[in-house]
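Sequence lines, in order, name chains C and Z. So in this note's numbering, spot 39 of the first sequence is number 39, and the numbers just go up one at a time. So in this note's numbering, spot 65 of the second sequence is number 1065, and the numbers just go up one at a time.
Hints were generated in silico from the structure; no laboratory data involved. Be careful, since some hints might not be right.
Said to hold, decoys possible - DSS-like cross-link-like pairs, simulated, lysine-lysine; straight-line CA separation at most 27 Å:
| no. | chain 1 | residue 1 | chain 2 | residue 2 |
| --- | --- | --- | --- | --- |
| 1 | Z | LYS1016 | C | LYS41 |
| 2 | C | LYS64 | Z | LYS1102 |
| 3 | C | LYS64 | Z | LYS1016 |
| 4 | Z | LYS1102 | C | LYS20 |
| 5 | C | LYS55 | Z | LYS1016 |
| 6 | Z | LYS1016 | C | LYS20 |
Chain residues, written in single-letter form:
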Amino acid sequence: GAVVSQHPSWVICKSGTSVKIECRSLDFQATTMFWYRQFPKQSLMLMATSNEGSKATYEQGVEKDKFLINHASLTLSTLTVTSAHPEDSSFYICSGRTGVRYEQYFGPGTRLTVT
Amino acid sequence: AQKVTQAQTEISVVEKEDVTLDCVYETRDTTYYLFWYKQPPSGELVFLIRRNSFDEQNEISGRYSWNFQKSTSSFNFTITASQVVDSAVYFCALRFKAAGNKLTFGGGTRVLVKP
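Pulled out of the complex, with its shape left as it was, chain C reads as follows (with noise of 0.2 Å):
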């Protein structure tokens, strides 16, 4: 199946402080991204979904201007997380698609520790 990398694979931040999470395709061009957040014995949760070129599209409850999502490239994609708190602490996995017909490839995640 074609790769998709996270970086880094886990980061640890002040509260108060912004970080940013990359995803990129590696051997395909991702025109759709999605990113996730998953707690501890949870499910994933899609946060928003992004076309590259396009705003994204937030899920319902979701803080666009808290988690910042730029989809510039066809092989990259970042979630930058703004003044993060400790409830922002969790896993953020990131899932790339080429089109609608074709399977969704998801990176490793990135563990985040906000203290």
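Take the given structure of chain C and dock chain Z to it, following the hints.
Below, chain Z without anything else, positioned relative to chain C:
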């Protein structure tokens, strides 16, 4: 509304036992896709299978098999002769057009295979 239910939150078996994971879904669409993913302790989601709503054939891949019963809206997954490496969380997911082709995940079932 679309929904995926995995009633079993955790299953513990001894190595070489078979284990079946249940997945029941709800959707009004006639065209949809069902998926199973494995999430080992490392966190990265591993794609296992995709099945579209028009293909009710059961599938076997090595020790894995899937039983799709459209009449009961179920897509169950069986691991035969389980191994310790099968220990992971398994997610069933649903995707259909009316939901923007976004994956809806079940709550996951944690499988623990003891030696």
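Checked hints:
1. Z:LYS1016 x C:LYS41: Between LYS1016 of chain Z and LYS41 of chain C the Cα gap is close to 25 Å, so the pair holds against 27 Å.
2. C:LYS64 x Z:LYS1102: With Cα atoms ~18 Å apart, LYS64 of chain C and LYS1102 of chain Z stay inside 27 Å; holds.
3. C:LYS64 x Z:LYS1016: Since the Cα atoms of LYS64 of chain C and LYS1016 of chain Z sit roughly 47 Å apart, the hinted pair is violated (cutoff 27 Å).
4. Z:LYS1102 x C:LYS20: holds (24 Å)
5. C:LYS55 x Z:LYS1016: violated (49 Å)
6. Z:LYS1016 x C:LYS20: Given that 27 Å is the threshold and the Cα spacing comes to 44 Å, the pair is violated.
The structure shown violates the earlier hints numbered 3, 5, 6.
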